[in-house]
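Bring the two chains, given one by one in their own frames, into a single complex with the hints.
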Amino acid sequence: MLRLVAVLCLFAAGYARTQADAQDSRRHDAERVETIARTNLTQRTTSLHQAKQNGAAALSSLDAARADLERGVVAREMAATQAEQARRAADTLQSELTNNGLKVIEQGVHLNELLLCLKAAERAYNALAVDDRATAGRELRSTDAECKSSSAYLVSRSATPPTATTPTAVVP
Amino acid sequence: MTAPAQVRARVKTPPSRMPTPADQSRRTVRRSSFVIALVVALLAGGVLALQRSEAIAATEAADAAVAREHVTVARLAATEDARATVQSHLEAMVVAAAAAVADTSTAASQRSQLLAQLDATTIAINGLRDELAAVGQTDANQNANLDGLETCLQGIRTASLAGMSDNRGTGMQALQTVQSVCAQTFRALGVGGSSSFVFDFADPFVLSHEGSYFGYATNSGAGRVQLITSPDLESWSLVGDVLADLPAWAVDNYTWAPAVAKLGDRWLLYYTVRERASGLQCISAAVATSPRGPFTDGSSEPLVCQRSLGGSIDPSPFIDDDGRLFLLFKSDAVVRGRAASLWSVPLTPDGRGLGWFPIELTRADRGWENRVVEGPAMFEDDGRFYLLYSGNHWGTPAYATGYLSCTTPIGPCTKPGDNVVLATHGTQVGPGGAEVFLRDGQRWVSYHAWEGDDVGYPNKRRLHTAPVTITTDGRPAIG
Numbered sequence: 000m001l002r003l004v005a006v007l008c009l010f011a012a013g014y015a016r017t018q019a020d021a022q023d024s025r026r027h028d029a030e031r032v033e034t035i036a037r038t039n040l041t042q043r044t045t046s047l048h049q050a051k052q053n054g055a056a057a058l059s060s061l062d063a064a065r066a067d068l069e070r071g072v073v074a075r076e077m078a079a080t081q082a083e084q085a086r087r088a089a090d091t092l093q094s095e096l097t098n099n100g101l102k103v104i105e106q107g108v109h110l111n112e113l114l115l116c117l118k119a120a121e122r123a124y125n126a127l128a129v130d131d132r133a134t135a136g137r138e139l140r141s142t143d144a145e146c147k148s149s150s151a152y153l154v155s156r157s158a159t160p161p162t163a164t165t166p167t168a169v170v171p
Numbered sequence: 000m001t002a003p004a005q006v007r008a009r010v011k012t013p014p015s016r017m018p019t020p021a022d023q024s025r026r027t028v029r030r031s032s033f034v035i036a037l038v039v040a041l042l043a044g045g046v047l048a049l050q051r052s053e054a055i056a057a058t059e060a061a062d063a064a065v066a067r068e069h070v071t072v073a074r075l076a077a078t079e080d081a082r083a084t085v086q087s088h089l090e091a092m093v094v095a096a097a098a099a100v101a102d103t104s105t106a107a108s109q110r111s112q113l114l115a116q117l118d119a120t121t122i123a124i125n126g127l128r129d130e131l132a133a134v135g136q137t138d139a140n141q142n143a144n145l146d147g148l149e150t151c152l153q154g155i156r157t158a159s160l161a162g163m164s165d166n167r168g169t170g171m172q173a174l175q176t177v178q179s180v181c182a183q184t185f186r187a188l189g190v191g192g193s194s195s196f197v198f199d200f201a202d203p204f205v206l207s208h209e210g211s212y213f214g215y216a217t218n219s220g221a222g223r224v225q226l227i228t229s230p231d232l233e234s235w236s237l238v239g240d241v242l243a244d245l246p247a248w249a250v251d252n253y254t255w256a257p258a259v260a261k262l263g264d265r266w267l268l269y270y271t272v273r274e275r276a277s278g279l280q281c282i283s284a285a286v287a288t289s290p291r292g293p294f295t296d297g298s299s300e301p302l303v304c305q306r307s308l309g310g311s312i313d314p315s316p317f318i319d320d321d322g323r324l325f326l327l328f329k330s331d332a333v334v335r336g337r338a339a340s341l342w343s344v345p346l347t348p349d350g351r352g353l354g355w356f357p358i359e360l361t362r363a364d365r366g367w368e369n370r371v372v373e374g375p376a377m378f379e380d381d382g383r384f385y386l387l388y389s390g391n392h393w394g395t396p397a398y399a400t401g402y403l404s405c406t407t408p409i410g411p412c413t414k415p416g417d418n419v420v421l422a423t424h425g426t427q428v429g430p431g432g433a434e435v436f437l438r439d440g441q442r443w444v445s446y447h448a449w450e451g452d453d454v455g456y457p458n459k460r461r462l463h464t465a466p467v468t469i470t471t472d473g474r475p476a477i478g
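These protein sequences, in sequence, are chains A and D.
Be aware that the first sequence starts at 0, since it is given in numbering that gives the first Met the number 0, and climbs by one per residue.
Be aware that the second sequence starts at 0, since it is given in numbering that gives the first Met the number 0, and climbs by one per residue.
Same shape as in the complex, but just chain D (with noise of 0.2 Å):
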C-alpha cells in the first residue's frame, strides 16, 4: 500500500469521546499534520511520479539511443563490408590494370618485334623481286641467245653439208642469212672479245675505199678469198669469195694471205696459191675493177715462186710515198727444214710484175720465232719504215706479231732485242697476220687470233682490228 492510502485509513477510524480544547488543539493538530503529510505525500507522490516519468522517458530515451546506436553499429558494419568490398576490387582493379599495363607492353615488344620481322622481310622481298627481274632478264636473254645460237649452229650446219656436196654457193647463202644472228648472238655471249666477224678469218688484210671497209681473208668455206664489209669496222657482212677462178697452173683449196692495193682504177689482189706442178705455195695476182672483185687472174705463172727456198707466200704491197710499188713475202724455207725468211721485191708500174730481185730482210733467228717468220706488212712513219711480222707456228698460242725498223722498204732492216709488239692476251690467243690500213687517217692494224681455248686447226681465227701508232722511242704499239 502506497503512503497516502495509509493516511486515508487512519483518518476513518471513529472517535470514543468528546473532543476537549486539547483535543480539539491536538485534533487541529493532527488534522493539519495529516494534511501536512498528505501534502508531503503528495508531493512525494507528485515527486516520484515525476521521476518516475523523468525516468521513463529516460529509459525509452536510452533505449532510442540503444536502438539507433544498434543501427548505426549495423550501418557500421555495412559501411565497413561495402568498403571492404570496395577496397577488394580496388585492389582486384589495381591489379588487373597492372597486368593489362604489361601486357600492353607485352604485346606492344611483340608488335616491335613483328615490325621488324615485317620490315626485314620487306627488304628481302624487294631483294628478291630485284633478283627475280635479274634472273628473268637472265632467262629472256639466255632464250634468245638460245635461239640465236640454234639458228646460226643450223645455218653453218647446213653451209657444211653444202661444202660436203661441193654446193658452196648454198652453203655461202646460209651463212650470209644467219651472220649477223651468229654476230649478235657471240656479242651477247661474250664470246670472240672485240671481233666483231664471228666466222673464221684467217691473215685478214683491210682496207677503206668510199667510206666503207673491206676485208679479204685467206680461204674457207666461204671461199677462195674471202670478201667482207663493214661501215664501220664493228658490223660486217659476208659478201662471198671474190676470186672466181683460179689460173690453170694453180690448185684449189690453198688460197692464203690475199692484200689488195689500188693502182690507178684498177684494183690488184695478191694471193698465195698451190702450184699444181711443184706443190708448193706461190704468190700471184689478180685484177679487178672494184674492190668487190670479181678478181681475175689470168696469169700462166706464179708472180713470185723461191722454189728452191720452199716456195713463197703471205704477199703485201706497200706503195712508198714516191708511188713506187713494193711486194713483201715469205720464202716458205721450213718446208725445206731450213728457216724462214723475210723478203722485199720492187714490182713492175702494173704490179703484175718484178721491176727487181728478190732481197732478203730479215730471218728467224730469235726465239720466240721458233724459226718461223711470216706474214710480212710495212708502213712509213716520219721517213722510218715498220715492217710487223708473225713468228712461231700459227697453230699455236706461242704465235705473236714482232717488228723490225728499215731505212727503205728493201732494207737494210734491224731487228731491235725485244721485238714482240703482240702476243697472246686475254682471249686472243697466238695473234698474227697483221696487215696495215688506215681509218680516218689513223692508222690501224687488222690481224687474226685463235679464241680462248680453241687453238689450231680446225678452229677459227678471227677478225681483230686495232691502233697502231709509234712510241717516243721509236717503237708500233697496237693497241
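Looking at chain A on its own, in the form it has when it is part of the complex (with noise of 0.2 Å):
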C-alpha cells in the first residue's frame, strides 16, 4: 500500500510537474511572444513618431509653400491688374493719339486748302497791279468758292469744345 500511495504520489508529483512545466512553458511562451510584440510596438511607436516628425516638417513646408504660393499669386493678381490698367490706359491714350491724329489731318487739309485761297487772293490782288481786273476778278471768286469748306470747318470749329484731358496711366 504504501508502494501503491508512494507511486500515486510519484504520480500525482509527476503529473503535477508536468502540469507546471507545462504552464510555465506557456507562459514563458506568452511572455516571449509578448516581448516580442512589445518590441514592435516599441518599433512602431518609433516608426510613427519619425512619421508624425517627418509629417510635422512637410506640413511646415507646405504651408510655406502654401503661403509663398499665395504670395506668389497676389504678386501675380497684382501684376495683371497693373498690367490691365496699363492697357486700358494705352488704348485710352491710343484712342485719344488716333482722334487728335485725324484732327490735325483735318486741320492740315484745311490749311493747305486755306493757303491756296489766300494765293489766289493774292493772285487777285497782284492782277490789280497791272489793272487786270479780269484776272482779279477770277482769282477773287475762286478763293470765295474754295474756301468755303475751310470757312464752314474755321466756324465748327469755333463752336467745338476743348478736347478732354488724357487720364493718367497707371505705371508699377
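No lab work stands behind these hints: they were computed from the structure.
One or more hints might be untrue.
Label-pair restraints from in silico Cβ distances [stated by the list, open to error]:
id: 1; chain 1: A; residue 1: Met77; chain 2: D; residue 2: Ile122; range: 18 to 28 Å
id: 2; chain 1: D; residue 1: Ala133; chain 2: A; residue 2: Arg132; range: 20 to 30 Å
id: 3; chain 1: D; residue 1: Gly168; chain 2: A; residue 2: Ser94; range: 24 to 34 Å
id: 4; chain 1: D; residue 1: Gln112; chain 2: A; residue 2: Thr97; range: 25 to 35 Å
id: 5; chain 1: D; residue 1: Gly478; chain 2: A; residue 2: Ser94; range: 46 to 56 Å
id: 6; chain 1: A; residue 1: Leu101; chain 2: D; residue 2: Ser207; range: 43 to 53 Å
id: 7; chain 1: D; residue 1: Ala139; chain 2: A; residue 2: Asp143; range: 25 to 35 Å
id: 8; chain 1: A; residue 1: Leu101; chain 2: D; residue 2: Ile122; range: 17 to 27 Å
id: 9; chain 1: D; residue 1: Ala139; chain 2: A; residue 2: Ser94; range: 12 to 22 Å
id: 10; chain 1: A; residue 1: Gly13; chain 2: D; residue 2: Val34; range: 17 to 27 Å
id: 11; chain 1: A; residue 1: Thr97; chain 2: D; residue 2: Gly416; range: 54 to 64 Å
id: 12; chain 1: D; residue 1: Gly336; chain 2: A; residue 2: Leu101; range: 52 to 62 Å
id: 13; chain 1: A; residue 1: Thr97; chain 2: D; residue 2: Ala91; range: 49 to 59 Å
id: 14; chain 1: A; residue 1: Arg132; chain 2: D; residue 2: Glu300; range: 54 to 64 Å
A partial selection of chain D residues facing chain A, derived with a Cβ cut-off under 8 Å [to be verified]:
id: 15; residue: Ala57
id: 16; residue: Ala61
id: 17; residue: Glu68
id: 18; residue: Thr71
id: 19; residue: Gln116
id: 20; residue: Glu149
id: 21; residue: Ile155
id: 22; residue: Met163
id: 23; residue: Ser207
id: 24; residue: Asn218
id: 25; residue: Ser219
id: 26; residue: Asn252
id: 27; residue: Ser277
Coverage of chain D stretches by chain A, computed from C-beta distances (three or more under 8 Å per stretch; other residues unrestricted) [what the hints assert, rightly or not]:
id: 28; stretch: 279–285
id: 29; stretch: 448–461
Glycine is no exception: its CB is placed at the ideal position from the N, C-alpha and C atoms.
What follows is the structure, encoded as C-alpha cells:
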C-alpha cells in the first residue's frame, strides 16, 4: 500500500510537475510573444513618431509653400491688374492719339486749302497792280469758292469744346 | 478518491484477535508505514498543491501575458494604422507641397510675363504720351496757323476788293494790318524760305540809311513804288506807295524796277514807267528829301527812252569812288524782235540829266539768256567793276542771274564762259532783279524769286537778300 501510495504520489507529483512545466512553458511562450509584440510596438511607435515628425516637417514645408504660392498669386494678380490698367490707359491714349491725329490731319487739309485760297487772293491782288480786273475777279471768285469748306470748318471749330484731358495711366 | 482518503478508510477496519508482538511489530510497521505513507501522501499532496498553485500561477501569468500581448498587438495595429495614416497624410502633403511649389513657380513666371508686358505697355504709354504731346502741339500750332491764314486771307481779300473799287488806300491799310500776321504764319508754315516779306515784291532795291533798311519794288496793289522798311532785313513793315504822282507824259500801272541814290541831301528815285505817247516803257527820275518819300517827278519827258530799241527799263544808279553818277539800264529790244542789251550812261551831277550818250555794255548772246538780259546792277571791288544782270524770261524757272566783269562803269565788259551766279535752287525759282547794297559795311544783294510751283504772273515774286563776295578766281558768289 505504501508503494501504491508512493507510486500514486509520484504519479501525482509527476503529473503536477508536468502540468506546472507546461503552464510554465506556456507562460514563457506568452511572455516571449509579448516581448516580441512589445518590441514591435516600440519600433512601430518610433516609426510613428518619425512619421509624425516627418509629417510636421512636411506640413511646415507645405505651409511655407502655400504661403509662397499665396504671395506669388497675390503678386501675379497685382501685376495682372497693373498690366490691365496700363493696357487700358494705353488704349485710351491710343484712341485719343488717333482722334487728335485725325483732327490734325483735317486741320492740315484745311490749312492747305486756306493756303491755296490765300494764294488765289494774292494773285487777285497782284493782278490789280496792272489793272487786270478780269484776272483779279476770276481769282477772287476762285478764292470764295475754294474757301467755302474751310470757312465752314473754321466756324465749326470755334464752336467745338476743347478736347477732354487725357487720363493718367497707372505705371508700377 | 484521493490517496489520503483511501489511507483513512483502511485504518478504520476493526481487529479480529488479540495482537501478538509480531502483530504488534507488524502493527507498528503498518502504523509507521501508514504514517509514512500519510506523510508521503501529505507531502505529495503538498507538492501537488504547490505545483498546482504554480501551474495556476503560470497559467494566470501566461493568460496575463497573452492578454497583454493582445493589448500590445491591438496597440501595434493601432499604431500601424496611425503610422499609415500619418504616412498617407505625409505623402499627400508632399504632393500638395510640390504642387504648391509648382504653382508658385507658375505664378512667378506668369507674374514675370505680366511685369514684362507692363514694362512694354509703360514704354508704349510714354511713347504715346510723347506723340500725344507732339500732336497736341501740332494741333495748337495748326490752329494758330489756321487763324493766321484766315486773318491774312481776309486782309488780302479786303485789299483786292478795295483795289477793284479803285480804293487803294483802304487796300493798303488792310495789308498793313495783316502783314505781320501773314509773315508770322508763313514763317510757321515754312512758306517762302528765307524771305521775310510775304507779299509780291518784284525787282527789289534795298538801301541802308540811319540804321534802317529801305526796300523799294515794282508796282503792286500796294502802289506804284512799294516801300517797306526793316531794322534787320528780317522783319519788314509795309509803308506804302512812295511815288505819289506820275508825270503827265506817263500812264499808271507800269512802274517797274525802282532804284534810289542819295545825292547830297536829296534822294533820287529812278524808275520805269510807261510813256503815254509811245506806249513804251521809259526811265524817269523822281526826287525826295527822305528815303521814305514821297518822291515827286515833275519831268516833262523821260530821262532815258530808247524808242528805236523798244524803250528802256530797269534803271540802276551807280556812284563810283570819285562820286560820279552812272545809270545802268536795259534797252527793251525784245519788243522789237531783237536781242536785249544792257547800257551805261554817265549822269549829270544832279542825277536828273544825261552827262553823255548811253554806251552798250553787252547783249544777250548766251543760250541761258534766251535773248534777254535785263536788271543791271554794278558794284566795284578792288578796282574791278562787276555787273550783275538777269537773263531769260522773267516768268519762268529758267530766269537766272549772271555777271560781267568791266574795267570802268561804262565798259568795256567781258562775259565769262560760265557766268551764272544765281539760278533756281530749293524753293527759290527764277531768281533775278538783283541789286547791291551795304549791310554793316558788307556787300549784299537783294533779289526776287518765284516760290515753288507758283511761277509766273499773277503769282508773287518774293524778296530775298544774301551776301555777295568775290571768290579768289574773281567771280561773284551770292549766298
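Evaluated hints:
1. At roughly 20 Å, the beta carbons of Met77 of chain A and Ile122 of chain D sit within the given window of 18 to 28 Å.
2. Roughly 46 Å separates the CB atoms of Ala133 of chain D and Arg132 of chain A, a value that falls outside the hinted 20 to 30 Å.
3. Between Gly168 of chain D and Ser94 of chain A the Cβ separation comes to about 53 Å, which falls outside the hinted range of 24 to 34 Å.
4. Here the CB-CB span from Gln112 of chain D to Thr97 of chain A is close to 28 Å, well matched to the stated 25 to 35 Å.
5. At roughly 48 Å, the beta carbons of Gly478 of chain D and Ser94 of chain A sit within the given window of 46 to 56 Å.
6. Taking the beta carbon of each, Leu101 of chain A and Ser207 of chain D are about 50 Å apart, inside 43 to 53 Å as hinted.
7. Ala139 of chain D and Asp143 of chain A have their C-beta atoms about 29 Å apart, which keeps the hinted 25 to 35 Å range intact.
8. Between Leu101 of chain A and Ile122 of chain D the beta carbon distance is about 24 Å. The supplied range of 17 to 27 Å therefore holds.
9. At roughly 20 Å, the beta carbons of Ala139 of chain D and Ser94 of chain A sit within the given window of 12 to 22 Å.
10. Between Gly13 of chain A and Val34 of chain D, the C-beta spacing of about 23 Å keeps the proposed range 17 to 27 Å intact.
11. The supplied range of 54 to 64 Å is met by Thr97 of chain A and Gly416 of chain D, whose beta-carbon atoms lie about 59 Å from each other.
12. Judged by the Cβ atoms, the range 52 to 62 Å given for Gly336 of chain D and Leu101 of chain A holds: they are separated by roughly 58 Å.
13. The beta-carbon spacing between Thr97 of chain A and Ala91 of chain D, approximately 56 Å, falls within the hinted interval of 49 to 59 Å.
14. A hinted range of 54 to 64 Å is violated for the C-beta pair Arg132 of chain A and Glu300 of chain D, which are about 30 Å apart.
15. Using the Cβ-Cβ criterion of 8 Å, the hint placing Ala57 of chain D at the interface with chain A is satisfied: the shortest such distance is roughly 3 Å.
16. Proximity of Ala61 of chain D to chain A holds as hinted, the smallest CB-CB distance being about 4 Å (cut-off 8 Å).
17. The beta carbon of Glu68 of chain D is positioned within 8 Å of a beta carbon in chain A (closest approach about 4 Å), and the interface hint is therefore held.
18. With its C-beta approaching chain A no nearer than about 4 Å, Thr71 of chain D sits inside the 8 Å limit, and its interface hint holds.
19. The criterion of a C-beta within 8 Å of any C-beta in chain A is met by Gln116 of chain D, whose closest approach is roughly 5 Å, and the hint holds.
20. The beta carbon of Glu149 of chain D comes within 6 Å of a beta carbon in chain A, closer than 8 Å, and the hint placing it at the interface holds.
21. Checking Ile155 of chain D against chain A by beta carbon gives a least distance of about 4 Å; that is within 8 Å, so the hint holds.
22. Against a cut-off of 8 Å between C-beta atoms, the interface hint on Met163 of chain D holds, since the closest Cβ of chain A lies about 6 Å away.
23. The beta carbon of Ser207 of chain D is not positioned within 8 Å of any beta carbon in chain A (closest approach about 27 Å), and the interface hint is therefore violated.
24. Taking 8 Å as the C-beta contact cut-off toward chain A, the hint placing Asn218 of chain D at the interface holds, the least distance being around 5 Å.
25. Because the beta carbon of Ser219 of chain D sits about 4 Å from the nearest beta carbon in chain A, less than 8 Å, this interface hint is met.
26. Hint on Asn252 of chain D holds. Least Cβ distance to chain A is approximately 5 Å, under the 8 Å limit.
27. Taken as an interface hint, Ser277 of chain D does not check out: its beta carbon lies about 18 Å from the nearest beta carbon of chain A, beyond 8 Å.
28. Coverage of a stretch by a chain is defined here by at least three residues with a beta carbon nearer than 8 Å to that chain's beta carbons; for the stretch 279–285 of chain D and chain A the count is 0, and the condition is violated.
29. Given as covered by chain A, the stretch 448–461 of chain D passes the check, having 5 residues with a CB less than 8 Å from a CB of that chain where 3 are the minimum.
This entry does not satisfy hints 2, 3, 14, 23, 27, 28, going by the numbered hints stated previously.
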